[in-house]
Amino acid sequence: MAEVRLEGITKSFGGKTAVDDLNLTIEDQEFLTLVGPSGCGKSTTLRMICGLERATEGNIFFDGKPVSWLPANKRDVSMVFQSYALYPHKTVRQNIGFALKMMRVPKATIAEQVLQAARTLDIEDLLDRKPRELSGGQRQRVALGRAIVRDAGAYLLDEPLSNLDAQLRVLMRAEIKRLHVDVARTFIYVTHDQVEAMTMSDRIAVMRDGVIQQCATPEEIYERPANRFVASFMGSPPMNFVTGELADVNGVRTFRSSALTQQVHPDVETTDPAVVLGIRPEDITLSTTPVDGHQLGKVFVSEPLGPDVLVTVRIEGELIKARVPTPFRLGHDSTVYVGLNPNRLHLFTASDGTALHAPKREERS
Amino acid sequence: MAEVRLEGITKSFGGKTAVDDLNLTIEDQEFLTLVGPSGCGKSTTLRMICGLERATEGNIFFDGKPVSWLPANKRDVSMVFQSYALYPHKTVRQNIGFALKMMRVPKATIAEQVLQAARTLDIEDLLDRKPRELSGGQRQRVALGRAIVRDAGAYLLDEPLSNLDAQLRVLMRAEIKRLHVDVARTFIYVTHDQVEAMTMSDRIAVMRDGVIQQCATPEEIYERPANRFVASFMGSPPMNFVTGELADVNGVRTFRSSALTQQVHPDVETTDPAVVLGIRPEDITLSTTPVDGHQLGKVFVSEPLGPDVLVTVRIEGELIKARVPTPFRLGHDSTVYVGLNPNRLHLFTASDGTALHAPKREERS
Amino acid sequence: MVALNRLGFAERQPLGDNAKAWALNAPAMVVIALLVAYPIGYSFYVSLQKNNLKRPRAKRFIGFDNYKALLTDHAFLSALKVSALFVLVVLGLTVVLALILALVLNERFRGRGLLLSLALLPWAMPGVVNGLMWRTIFDAKTGALNGLLSQLGVIDDYHAWLTSGTGAFLFTALAQVWNTLPFSVIILLAGLSTIPSELYDAATVDRAGALQRFGQVTLPWLLHPLLIVLILETMNAFRAFDTIYVLTGGGPGDATTTIALLDVQTVLTFTDFGLGSAYAWVITAITLLISVGYIGLLYRKGNFEV
Amino acid sequence: MSTLVRVPLRYRIPWKKIVLYVLAILFALYLVLPFYWIVAMSFMHEVDAISVPPHWIPIHPTLENYLGFIRPNAAQELVGGRAVSETPYSLRNSLIVATSTAVLNLVLATFAAYSFSRLKFRGSQVLLVLYLLTRMVPGIAIIIPFYLLMRTFGLLDTYLALILSYTTFALPITIWILKDFFRSVPRELEEAARVDRCGWFRTMWTVFLPVAAPGLVAAAVFAFMTAWNEFMFALFLTSTKAAKTIPVVAANFATDFNTQFTVMAAAGVLAVVPPLVLALLFQRKLVQGMAAGSVKG
Amino acid sequence: ACSNDSSSGSGSGDGSVKFEGWDYEAELVQQNLDRFTTTSNIKVNYTPITSAQYVQKVVAEFTGGGGADALYVYDDSLAAWVDGEYLQPLDGLPGVDEVYAAIYPGNAEAMTYQGKRYGLPYYTDANCLTYNTGILTKAGITKPPASLEELEAQALKIKNAGLLEYPIGLPAQLSDTWWSWVWALVFGSGGNLFDDQQNPIMNTSDTVTKDVFAWLQQAANKSKVIDPASLQLLPVPIDNAMKANRYAYTIGARYASRDYNDPAKSKAAGKIRMALVPSLDGKEHATVSNTRMYGLAKDTDVKDDAFKLLTYLGGYDEKKQPYTAKFWFLQRGLGFAYKAMGSDPEITASLKKFADPVVYQHLAEIAKPRNVLGVPWYTEFETEMHKVVQGVLSNQTQPSAAVDSLAQTVETLKKKYS
Ligand SMILES: Nc1ncnc2c1ncn2[C@@H]1O[C@H](COP(=O)(O)OP(=O)(O)OP(=O)(O)O)[C@@H](O)[C@H]1O
Ligand SMILES: Nc1ncnc2c1ncn2[C@@H]1O[C@H](COP(=O)(O)OP(=O)(O)OP(=O)(O)O)[C@@H](O)[C@H]1O
Ligand SMILES: [Mg+2]
Ligand SMILES: [Mg+2]
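Protein chains in written order, with the working numbering: chain R, 1125 to 1489; chain G, 1125 to 1489; chain Z, 2 to 307; chain L, 3 to 299; chain D, 53 to 470.
Derived from the structure by calculation, the hints contain no laboratory data.
Dumping the calculated EDC-like pairs for lysine to aspartate or glutamate here, alpha-carbon to alpha-carbon at most 20 Å:
| # | chain 1 | residue 1 | chain 2 | residue 2 |
| --- | --- | --- | --- | --- |
| 1 | R | Lys1231 | R | Glu1248 |
| 2 | G | Lys1198 | Z | Glu199 |
| 3 | L | Lys122 | G | Glu1257 |
| 4 | D | Lys468 | Z | Asp66 |
| 5 | G | Lys1301 | R | Glu1427 |
| 6 | Z | Lys51 | D | Asp135 |
| 7 | L | Lys18 | Z | Asp202 |
| 8 | D | Lys195 | D | Asp333 |
| 9 | L | Lys18 | Z | Glu108 |
| 10 | D | Lys274 | D | Glu201 |
| 11 | G | Lys1140 | R | Asp1249 |
| 12 | L | Lys19 | G | Glu1177 |
| 13 | D | Lys168 | D | Glu150 |
| 14 | R | Lys1422 | R | Asp1432 |
| 15 | Z | Lys51 | D | Glu137 |
| 16 | D | Lys317 | L | Glu66 |
| 17 | R | Lys1254 | G | Glu1177 |
| 18 | G | Lys1198 | Z | Asp202 |
| 19 | D | Lys420 | D | Glu336 |
| 20 | G | Lys1140 | G | Glu1181 |
| 21 | D | Lys371 | D | Glu150 |
| 22 | G | Lys1445 | R | Asp1432 |
| 23 | D | Lys404 | D | Glu417 |
| 24 | G | Lys1214 | Z | Glu306 |
| 25 | G | Lys1140 | R | Asp1246 |
| 26 | D | Lys211 | D | Glu201 |
| 27 | D | Lys211 | Z | Asp157 |
| 28 | L | Lys122 | Z | Glu306 |
| 29 | D | Lys378 | D | Glu417 |
| 30 | L | Lys287 | Z | Glu108 |
| 31 | D | Lys391 | D | Asp149 |
| 32 | D | Lys276 | Z | Asp158 |
| 33 | G | Lys1140 | R | Glu1257 |
| 34 | G | Lys1140 | R | Glu1248 |
| 35 | D | Lys466 | Z | Asp66 |
| 36 | G | Lys1445 | R | Glu1299 |
| 37 | D | Lys468 | Z | Asp74 |
| 38 | Z | Lys60 | D | Glu137 |
| 39 | D | Lys360 | D | Asp149 |
| 40 | G | Lys1189 | G | Glu1131 |
Just so we're clear, the structure is a prediction, and the values are computed from it rather than from any experiment.
Chain R on its own, in the form it takes in the complex (with noise of 0.2 Å):
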């Protein structure tokens, strides 16, 4: 359709703000994904956008026309329920085929589209099965299904793949994007899962307390994030974070703290000397030798992840997570070297956690 544009949209519950004038302008065809942490006005968001909640203020525009008094009906708007919200009295089949024929489309079509829609979330087999006699993601494919089955301006997906297994996500996830590409329409998603926000978004928009905190591509949120809450927030395991000052260390700038000495880029620039340094698990190397510019710390714990190991280490107090390939094989207490990787560090201010200097885009060496 359609670019989704809200100003200044603020939403409130008796006294409390879910959504506190929020501004955001969702390009025709993007795929904008909303993250942020539970209870943070992400499905009040898309229920606005959507016209099953009235905004407390602001106004919403589709393609520059108002629609805040416009029905839901009358949106041309697809939405996946967060609670499914599945017809109990319907078949998966009618549930599927339900917008499609209040949209008048003929039977034979609907039947074949329907069939179609199941096939792709392998739920063929559920067709005659009301929902009540589904499994938990069962019913959550059905909620997809209904959604994706009919042409829209917009698509809005709250969570739509939470109770699926990590197959059948990553295959959903495909599904989508290619829905995304071929019908080339406005999509809004919401989920907690960073792999899916980062490989599915031309832009992610975090939200914190109903207010966004930054809204740009995957890359320069990860990369770049615009305050400490972002950059904690995206990225699992999460940033790690000392805090300490900025002083001019032999004329080389540089950010102390008791466990932590560290070269930083010469151009951050800031009135409070008091700030946050920021490094990514990853961004960590741990050796066994003793290596120039790295300190001196204890390995803590070490867990398995799998391909990797998260080792978090005691650096004078300090608990550092680096995230190191496997195998890693010391045990608690060994001695180990911890090298940041100076060029995919983060400062933010101590004060407000504003992003002091977002570091190029540089490559790990």
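Starting from the known structure of chain R, fit chains G, Z, L and D with the ligands onto it as the hints suggest.
This is chains G, Z, L and D with the ligands only, laid out in the frame that chain R set:
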């Protein structure tokens, strides 16, 4: 409590078998994770253990005593329902405290424990709301709180973290693990998150179509999958499979297919030479220069996954996925040389997918 | 979004909840207003009159004199007492029995459909047949109850069950309960069927026994159906007329003369429309008061959304 | 786990089933016994019906009481000869009136009840009580003005008069019943339907009402029964077999002089058959359960 | 005359006569009316109304302005309906004087209000003592009692013989029909409750009421010959009990004997006889009668035709015969107001099947109507009286207190209606 033993448990829903002749013993204080594709019978199994569903056949024993006829409220198990099943007429506080109230715990203790649980779950300020006024993730946390606040002989958790963001999920995982250690009871856990399954469990049971495929420690499952299904199911992105045959080439046991020729472990024995070779993406290395034993391929597509890149390589018509560290800069159709880690190859019969040789757990070089 | 554009939608504010609500209520309100507003107003007006059809020419407006007279009207006060007791007994029995029966019917067992239909039976029977039935059952000379009990050896002789005040009262109440049971059962049963079964699952896992499940899950969900049952059954018990009239005619003496009986007698037998309407309005006021009480007690508690 | 498993429970006595069946049987007896007496009487000759001790099973069973309804001339000798001939018509009338009342009621009440269950508006509680109020004024007080009203509309002795009056009686309670059941339909369902491009009416018709079926059936049964056995208004508003309902006709079997017990009993038995058949047809809906499996959370 | 448009006025609009009655034998009524229509060419639109609600519905119709042209009238309702201006007097219309001259004075009195005549007789009945000769014979009793004392003694004899626990049954459940047997007992002993100015005399000049009450109390509580179950018995159950040989005596309408003696309906068929109502002294005898009549609506548009119908039903036909009255007696044994009919052989032949024509005739002659039917408070009084009598029967009220309370009630009611 208690060792939970399932003996020949079968559950049919009007002709359709959801769980098929399941035999499983969960040791006292064990943390067992059930995984499997959507609809494979995980929830049904939990519900039977819990006493909400009566097995069509077979018996369930707690500590060696049959409980098939014991109603759920006498079984002393606690459960997180996949669908939450919150009491809509009760506040969050009452929801969480309900089981305690039923157990006649003094009011003050209840209040305290509920508060404690709510703090753990970060839903302290929602205690006086009704479920209706919560976001999806908040509801899920209430459901979790309801289960963990009480003391029970066994804890059954059905995808308790599926709707939480990554951060919170990590925290909650830790809390659940801590609870497991603290109360020293049996935990049966269902999840679709492999990290969860791998990191939390003492053992993992992989189900498919109501049948347990393998029940073993996470390492074993990952390293020595009992069959092709388990191998493909665990690990994301999944293992690559190449169909071919086993032959002795120059006295060396070799796997051969149109695309690949690969030396394998000499001990592998099979009557039928038709086999499938499995290799995990992270066990593949790519290089731009020819290496001995590596096969020539072309980059098909590469997807960034944050710290890694998933590269799909085409070798003679076969598509193979490799997971390599960021950065990976080759574009479509670039030539690469693909190397498989010979110690981490998996072989399965082509006929029924049984593992031919579960290679010893060996280190990657 | 083609369709959307074609609509050329302007910013048009749809109806607010208030307007929508009134619009939705309009049909019902119109029908009710059209049909009962006049009769109700008229009857209130009549209640302010001296208006006995036997003396049409003596008709005049007397304000609240009819009501004032009630305060000292011995028949009225005694009827009020009888009615209150009757309501209490009938309501109590009906609610308890209906609840149990509804709970039974909410389970799966062989013959449930049959029992459900049977539960509707008393409702389907025309009043006169019903009256005849009770009369022939309680009859002192040829009654079925006497027959049954004496054949069972419980009694030696045929009893006249309705000749003592208490007997008459209790047996009438029993017959009334039989008659009003179906309504309550249906409402409560339908109420029960709205309770998601997973809540019972959750409660069972939370170690709630059957009784606690009832108290903690069933009851809160049933509060509103129960409210309806309470209101309607109170109303019915206050207006109970047919059964009492047929069985005892209000006797012996005044033992079963309820206010409704008195009202019907006043209007239809004595043709005193003025006084009769006043009685009716007193009944209305009392039931309204009680209903508002119930509402105050239960409405909010049961008012949750799923 | 201390409370767990004290006895081997392999062959537990199914107490729940036992209690259930005992209760079911007791209730069935309580409900049926009085009625059984009517049924028995309807197959007896007048003399046997009043014999002492009573014959629980008709000793000289006869169909005469019923046959009269089919061949009215045979009923000449009876007290309610005309009533006998009117009985089949009155059954038809009752069925039409009761069904129409139920339908009309459902339609009107659905709108109103929806507003109470879904919309927040000023004065909703007052309006609810007001509805009740209209129902609280005893019929005896309004029957005469009601009669006059119907006369003015020229509706005496028509179905419409009865349908309208019963609708007004049943409507307030129907609204109360429905509002309650509507509340238990998850809002999300309605929302899903809206997203699936249904307008309000469509949503109601295709999603909302089917899910609320138990409530609708309960309300319909209520309205139907209200109309089915109402006597007083039917008596006043009708006078011929064109609109007389079964309660009015059944009353004709009793006069000051005599009561034709057995024929009245037969009429009574006939009168309960249609509602019971309907009940049997709809009972599944009534107990179907509402929204199982539809929403998570 | 389609009833659907009955709203258009009091008449049916098409010239037919709208005729209403309670639903006694509606089919027979219709037959009889059909005969009238064939002979007179006047169409009659007949609507039977459930007897229990007859009065109410007629009231509603007249209040609403849609009453019938001709209709049945209870003697109890006459005054109210005249005052309500539903009915018009028949004085001066052809044949009315003739009819009034031919009927028993009691019936004529009952149809007259404030000096005007309002009805032609439909039927009438008088109360009698009904007894079961079968039981009496078994107890060795050959003659029915003449006095109340005798009645009690005979009953006691039956009781002592173990034939019946309670030989006397009376319909004493509250209802809104009148208790004829109380009036019959009072009138039977020559008493009355009221004087001609409708002043209560039961507690002053006339002691009969009190004595009758005393007898009732004694028979119910001392000798226990009156069935205590009477308090829950309406006339119909009493009839059933009589038919089932469960009572030896009752006091009620003569009419009932026909049913009692019908072998198709009664096990006591052939054994039931009627006698004069026993009195205190056993010598003086009288009884109470009721009269049901055909009335003419005040606002009728078809007065002539309606009156022709009235005449057909309640008056003489061309052959100077009360055709319909005779029809009713022969068909159903309804009592007649015409003195002459008592000697009609056809009638006596039919009568013999269930009663002694002499006694039957005698009762009609000595019967008088209640003299308070014209007061507006009569119904209230009657209702109150039932409760008082229940009190007497159940030994909760003493006879003197009972009569005092009755008088008191009258005063209160009079005040209320003043
Ligand atoms: N009431 C029922 N009637 C019929 N089939 C049912 C019923 N409940 C479950 N099933 C079927 O049984 C199988 C197992 O269901 P179950 O809920 O145990 O799956 P699951 O492993 O928990 O899946 P998921 O991960 O999707 O929750 C599914 O195929 C489901 O369709
Ligand atoms: N009806 C309501 N009444 C009050 N508060 C509400 C209501 N609905 C949502 N909220 C609150 O608004 C906030 C945003 O809710 P929303 O459902 O949009 O969260 P979300 O971002 O979708 O979270 P999740 O990932 O857990 O689904 C939450 O804090 C929630 O508690
Ligand atoms: Mg959400
Ligand atoms: Mg599941």
